[in-house]
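Novice: Listed below, chain by chain, are the residues.
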Amino acid sequence: MLNWRRRVAIRDHLAEANLFARRVIVALVMVVVLGTILALNMRGLQVDKHQDYQTRADGNRIKVLPIAPNRGLIYDRFGRILAENTSFYSLEIIPEQVDDMDELLAELTELIPLEADLIEDFSKNARQQRRKFKPVVLKSRLSEEEAAIIAVNQHRLHGAYIEARLKRHYPYAELTTHAIGYVAKINQKDANNLEMEGKTANYQGTDDIGKLGIEKYYEDTLHGQVGYQEVEVNNRGRPIRTLSEQPPTPGQDLVLSLDIEMQKVAKQALGERRGAIVVLDAKDNGILSIYSNPSYDPNLFVHGISSKNYKALLSNKDRPLINRATQGRYPPASTIKPHIGLLGLESGLITTKTRIWDPGYYQLKDIEHKYRDWKAWGHGWVDIYKAIEESCDVYYYDLAVRLGMDSISEFMSQFGFGELTGIDIHEETSATMPSRDWKYGRFRQPWYAGDTISIGIGQGYWTATPIQLALATSILANEGTHFEPKLLKTTKTQTGELPVPAIDRKPVEIKSQRNWQIIKTAMEGVVVKPTGSGHAAYRDVSYKAAGKTGTAQVISIAQDQEYDADEIEERHRDNALFVGFAPVDDPQIVVAVIIENVGGGGKNAAPVARTMMDYYFAHYPENF
Amino acid sequence: MNAQVGNQTGLLRKLHIDAPLLLGLVVLMVAGLFIIYSASGQDTALITRQITRLSIALGVMFVVAQIPPSFYLRWAPPLFIGGCLLLIAVLLFGSMGKGAQRWLDIGVTKIQPSEMMKLAVPIMIAWFIARKPLPPSIGYSIAGFALIMFPTMLIAKQPDLGTSLLIASSGLFVLFLAGLSWHLIGGFTILGLITAPILWYFYMHEYQKQRVLTFLNPETDPLGSGYHIIQSKIAIGSGGMWGKGWLKGTQSQLEFLPERHTDFIFAVFAEEFGWVGVLSLLAIYFYIIARGMVIAIRAPDAFTKLLAGSITLTFFVYVFVNMGMVSGILPVVGVPLPLVSYGGTSMVTIMAGFGIIMAIGTHRRFLRDN
Chain A
10 MLNWRRRVAI RDHLAEANLF ARRVIVALVM VVVLGTILAL NMRGLQVDKH
60 QDYQTRADGN RIKVLPIAPN RGLIYDRFGR ILAENTSFYS LEIIPEQVDD
110 MDELLAELTE LIPLEADLIE DFSKNARQQR RKFKPVVLKS RLSEEEAAII
160 AVNQHRLHGA YIEARLKRHY PYAELTTHAI GYVAKINQKD ANNLEMEGKT
210 ANYQGTDDIG KLGIEKYYED TLHGQVGYQE VEVNNRGRPI RTLSEQPPTP
260 GQDLVLSLDI EMQKVAKQAL GERRGAIVVL DAKDNGILSI YSNPSYDPNL
310 FVHGISSKNY KALLSNKDRP LINRATQGRY PPASTIKPHI GLLGLESGLI
360 TTKTRIWDPG YYQLKDIEHK YRDWKAWGHG WVDIYKAIEE SCDVYYYDLA
410 VRLGMDSISE FMSQFGFGEL TGIDIHEETS ATMPSRDWKY GRFRQPWYAG
460 DTISIGIGQG YWTATPIQLA LATSILANEG THFEPKLLKT TKTQTGELPV
510 PAIDRKPVEI KSQRNWQIIK TAMEGVVVKP TGSGHAAYRD VSYKAAGKTG
560 TAQVISIAQD QEYDADEIEE RHRDNALFVG FAPVDDPQIV VAVIIENVGG
610 GGKNAAPVAR TMMDYYFAHY PENF
Chain B
8 MNAQVGNQTG LLRKLHIDAP LLLGLVVLMV AGLFIIYSAS GQDTALITRQ
58 ITRLSIALGV MFVVAQIPPS FYLRWAPPLF IGGCLLLIAV LLFGSMGKGA
108 QRWLDIGVTK IQPSEMMKLA VPIMIAWFIA RKPLPPSIGY SIAGFALIMF
158 PTMLIAKQPD LGTSLLIASS GLFVLFLAGL SWHLIGGFTI LGLITAPILW
208 YFYMHEYQKQ RVLTFLNPET DPLGSGYHII QSKIAIGSGG MWGKGWLKGT
258 QSQLEFLPER HTDFIFAVFA EEFGWVGVLS LLAIYFYIIA RGMVIAIRAP
308 DAFTKLLAGS ITLTFFVYVF VNMGMVSGIL PVVGVPLPLV SYGGTSMVTI
358 MAGFGIIMAI GTHRRFLRDN
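Those protein sequence lines, which keep their order, are chains A and B. Using my numbering, you'd call the opening residue of the first sequence number 10 and step up by one each time. Using my numbering, you'd call the opening residue of the second sequence number 8 and step up by one each time.
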């Protein structure tokens, strides 16, 4: 008790307890007030501004990713696949996701072989990257083993991924390069073009684009329509799951008129020799074979050709990058004698009865210069048949001079000389069908009679491409009907095959249909008559062929002048040419052959043309 | 009045456990486990570690609850002085971690004296204030204030803004509950407003200033220091009224939200359980605080009243600061959401604090006999 009283004297427990209780109540009120502030603030975020934040959360997590359509396949006329999509493993890096690029590259180099130029190319590509968070290829075509090594170490290679990608593959490699071309990575120039044509959106997911040949010409058909998927991504932009998907529409498959086996025959027939072969289906000028030698492997370009390999192709003096069949400008030489002969008959300047005396040379009136015939001692009396069969130059010197350049130029243009043939690849030159205006425009010089003399035997200013020679021969064989030569035969869609109709141009119309027959008979003589310039090559054929040889004096199509002496010798040799068709009565096939710097056309080009025809008649019995 | 506390279940009562308080704490811990599981991307190993930690914390609480409050009364000054010496030692020899010096390596293990001070400070101030009748005189209050500021400054120097804030609060709550003159409270508030710019220019580290600046306008640096708070607000806001559902928060599951299972776990909760969930969580916290206050009011003497009240209110500071920073009304200071955030020594300290509260609520007889 005493104790209790003493304490009371010092402190009032009840008063203290009351004071404390009051303060606790104040504190609890503060707690409630602050708790309410928190709750109201949360209400503001979660209820009032919920829509805003929901949108931002979705913006965080949802990304729209393009899905590239599968590129249409390319087949030959018998359904053999010429361009396919095969899957390759490639090592790709998303630069935005890498913290320390040097370290990552160093780690990767320890795992798999990475050549210095690969890393150099990668760094360049990464710098020029157009879209953010888009993977940049470091190494394509990984082996299975390399892909596995990377996959196993994936956890410490942040930003590096193994991707299985579909890449174009050309199983026949150099056999199809000049016709089909190839696809390669979309570069800045392609991107600008796509932008201009408003196709950028459709190429969102696409890496490669047709660069050459069919792949370029039919890019839109082959490419297809891009698809999209909405994916949920994490904070590193890595897709976690798919929310919705709009599948892409694959590109259409193309069936070409090309026969890949015939293409092999063409390559074999040319062997090591530079040159080109064009084989047309005479019915519609579908291209059965188009081959330019030497060629190169298009698959190199698909995976990004190394600068070393590319320089080698560029500096190769045989110029493999040029498509000789459509870009080679060759003097047509005697292969155009049938056409000039036809013009002679049409103009009435000659008939089948007209004969001239060929002493082995031709002279213009009052001029000393002798224009030599290839046969030094002359052909003697020559009519139109003999002039074509034996390829008499003097007959044509005379005829050309009498026809005059204007008439020749106008008539030859109707056969497609000096014009693009319309073949469905972009790599084509119109070459040159000279005229007065052309020469004045080009050289500021008038046309001389001497110029016309050379034109009479397909020399001088006149150049033509092998595809033009084939076309001109086809028009002749079809008596004026002119179809554009085409590689594309049908397109394949989900619903079925869609034939591509042949495109015809203005036919060559002549007054007397009999004149066609005269010229064709003369051309048949070339291979049938023992004196015919192509007879040796066409001995014992089982079909009725017609043709015309040509032997062109040239230096070379190459522009380089730095040849050594031996080189000049070789490159000064004549080009061998042959154009022909068969069977004579109902032409099925047209062949044009040119072989550079090998000598006479009858000896060198005609046998090649026969090989092609033989192959055709052995393998296409239904047309025989 | 005290008799009512004695009406509790016999066994728990004998073990010095306050059942209503324990219920609140365990509910919170279990809720925390579920949220950590979601926030960590279903990481069961992490959950196992957290369960271990919770068990240790509960064990510590149990042990502390057995200690009669008179023990702290006796040991208050040595505890406080020892703690201050350790804080000085940390500043002199401490090891670095996350750009701050908080740990003291004593060979066997590392200790964090600032954690100890979270309890030593309120014990000391309660002891100091309870020596004289309440309310404390102005002079005595200022002396108490000085006692608070000494360790607070030492911890702020480490620098650990969050902890120094909590320690200062725990001491100031004792003063407040003891009946600190309203005039003085007004005076301290004005003093605080005056010292804030001084602290800003002479005392705060660059990263602390940056946090404050970012807090004031997070959108100025959306990918840098503002990223945390922006992503956190997106998580909370996108949760809406009812939430996206457990394990379905896109902000957290897709890892847009930083510090998901530690300091920012409240954002994960708010995203997945919505405003309704937030209110429920606040209710649980309020229940615990109210229970702590009831024990404080029923405590037999000034020392235990002040100590229990201060520890309870400090617990609220944790909650308020954490929720405030995660929802963007307070700057980002490293304060976890108590008993929910993953890991942290602070959980053991908090549970030790609740152990003291339980001791205060259950050791009456000893005190009454005294």
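It should be emphasised that the hints constitute simulated quantities derived from the structure, not laboratory data. Using N, Cα and C, we set each Cβ at its ideal position, and we do this for glycine too. Do not take every clue at face value.
What the hints assert, rightly or not - The list that follows gives simulated cross-link-like pairs (lysine-lysine, DSS-like), each with its CA atoms no further than 27 angstroms apart:
id, chain 1, residue 1, chain 2, residue 2
1, A, Lys58, B, Lys255
2, A, Lys72, B, Lys255
3, A, Lys143, A, Lys225
4, A, Lys538, A, Lys448
What the hints assert, rightly or not - These stretches of chain B come out as covered by chain A in the derived footprint (C-beta under 8 angstroms, 3 or more residues):
id, stretch
5, 252–265
6, 275–282
As the list claims (entries may be wrong) - From chain A, some residues computed to sit far from chain B (all C-beta separations above 10 angstroms):
id, residue
7, Asp21
8, Phe29
9, Asn69
10, Ala160
11, Glu183
12, Gly214
13, Glu241
14, Ile249
15, Arg282
16, Ser304
17, Gln372
18, Glu436
19, Ser444
20, Trp525
Novice: If a hint holds in the structure, say so; if it does not, say that too.
Specialist: Against the structure, the hints:
1. A/Lys58 with B/Lys255: holds, 20 angstroms
2. A/Lys72 with B/Lys255: Holds: A/Lys72 and B/Lys255 sit about 18 angstroms apart, inside 27 angstroms.
3. A/Lys143 with A/Lys225: With Cα atoms ~25 angstroms apart, A/Lys143 and A/Lys225 stay inside 27 angstroms; holds.
4. A/Lys538 with A/Lys448: violated, 39 angstroms
5. 252–265: Coverage by chain A holds here, the residue count being 5 at a Cβ distance below 8 angstroms.
6. 275–282: holds (count 3)
7. Asp21: violated, 7 angstroms
8. Phe29: violated, 5 angstroms
9. Asn69: violated, 5 angstroms
10. Ala160: At about 22 angstroms from chain B, A/Ala160 clears the 10 angstroms cut-off, so the statement holds.
11. Glu183: The assertion about A/Glu183 holds, with a minimum of 50 angstroms to chain B.
12. Gly214: holds, 23 angstroms
13. Glu241: Violated: least Cβ distance 7 angstroms, not greater than 10 angstroms.
14. Ile249: At roughly 6 angstroms from the nearest Cβ of chain B, A/Ile249 sits no farther out than 10 angstroms, so the non-interface label is violated.
15. Arg282: Holds, because the least Cβ-Cβ distance between A/Arg282 and chain B comes to about 64 angstroms, which exceeds 10 angstroms.
16. Ser304: Holds: least Cβ distance 52 angstroms, greater than 10 angstroms.
17. Gln372: A/Gln372 is indeed farther than 10 angstroms from all Cβ atoms of chain B, at 89 angstroms.
18. Glu436: holds, 49 angstroms
19. Ser444: holds, 69 angstroms
20. Trp525: At roughly 77 angstroms from the nearest Cβ of chain B, A/Trp525 sits farther out than 10 angstroms, so the non-interface label holds.
Of the numbered hints listed earlier, those contradicted by the structure are 4, 7, 8, 9, 13 and 14.
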